[in-house]
Amino acid sequence: MIGWLQGSIVSKTPPSLILNVSGVGYEVETSMNTFCGLPEVGDQVSLYTHFLVREDAQRLFGFSDLRERALFRRLIKVSGIGAKVALMILSSMSPDEFIACVHNQAVGGLVRVPGIGKKTAERLLVEIKDNVSQWEIAGGSATLGSRNMMAAAQEAIDGLIALGYKPHDASRMIKGIQGEGMTSAVLIRAALQEVST
Numbered sequence: 218m219i220g221w222l223q224g225s226i227v228s229k230t231p232p233s234l235i236l237n238v239s240g241v242g243y244e245v246e247t248s249m250n251t252f253c254g255l256p257e258v259g260d261q262v263s264l265y266t267h268f269l270v271r272e273d274a275q276r277l278f279g280f281s282d283l284r285e286r287a288l289f290r291r292l293i294k295v296s297g298i299g300a301k302v303a304l305m306i307l308s309s310m311s312p313d314e315f316i317a318c319v320h321n322q323a324v325g326g327l328v329r330v331p332g333i334g335k336k337t338a339e340r341l342l343v344e345i346k347d348n349v350s351q352w353e354i355a356g357g358s359a360t361l362g363s364r365n366m367m368a369a370a371q372e373a374i375d376g377l378i379a380l381g382y383k384p385h386d387a388s389r390m391i392k393g394i395q396g397e398g399m400t401s402a403v404l405i406r407a408a409l410q411e412v413s414t
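Per our numbering: the sequence shown = residues 218 to 414.
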């Protein structure tokens, strides 16, 4: 899997770019939040990526930070939410705004996104709530702590899911033990130790 790319921008056409990485041009699709933060053509940029393989296509998505990539990965696992709709959501609001919508079960915030109706928004909020339960809201806005801490927690959750745990169980397990400075490997070991005791 391609998880991160660094190179120079060859071209930019919203919402995608071509990135020259050691002489190979990668076509990368982004949210508008990421796209608007890109430097000029010819400049260097680093992007966290998600490689999506389908029967009819292979697509590479790029994100300016791990938080946005983590949310994209959660969104595309929701029934009826494909990559196109996930990018539309992340283009219409910041990750913090989306997380606040989830915690507040704010259907109105999501129905303003093109392609999201009331029923889809309601289902999305229910299905994704457990997946972002480790991200807390303080003072009325979402706060995720340090990016490193969030990334470690998300990697640990993904690792537990890969081991066969259900997403809501994995989220609950990590939420109960995560702390500043803990790596994903440490979190996974601690979670498995908790289960075995």
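The hints are simulated quantities; they were obtained by calculation from the structure and are not laboratory data.
Predicted model only: the values in this text are computed from it and were never measured.
A hint or two may mislead.
Unchecked claim - With a Cα cut of at most 25 Å, we get these calculated DMTMM-like pairs of lysine to aspartate or glutamate:
id : residue 1 : residue 2
1  : Lys-383   : Glu-339
2  : Lys-336   : Glu-314
3  : Lys-336   : Glu-372
4  : Lys-294   : Asp-260
5  : Lys-301   : Glu-339
6  : Lys-301   : Glu-244
7  : Lys-335   : Asp-282
8  : Lys-335   : Glu-314
9  : Lys-294   : Glu-246
10 : Lys-294   : Glu-257
Going down the list of hints, with the structure as the test:
1. Lys-383 x Glu-339: The hint holds at about 21 Å.
2. Lys-336 x Glu-314: Between Lys-336 and Glu-314 the Cα gap is close to 20 Å, so the pair holds against 25 Å.
3. Lys-336 x Glu-372: Roughly 30 Å separates the two Cα atoms, so the pair is violated.
4. Lys-294 x Asp-260: The given pair, whose Cα atoms are some 33 Å apart, is violated under the 25 Å limit.
5. Lys-301 x Glu-339: holds, 19 Å
6. Lys-301 x Glu-244: Roughly 16 Å separates the two Cα atoms, so the pair holds.
7. Lys-335 x Asp-282: violated, 29 Å
8. Lys-335 x Glu-314: The given pair, whose Cα atoms are some 18 Å apart, holds under the 25 Å limit.
9. Lys-294 x Glu-246: holds, 18 Å
10. Lys-294 x Glu-257: Roughly 33 Å between the alpha carbons, so the hint for Lys-294 and Glu-257 is violated.
Against the hints set out earlier in the document, violations occur for numbers 3, 4, 7 and 10.
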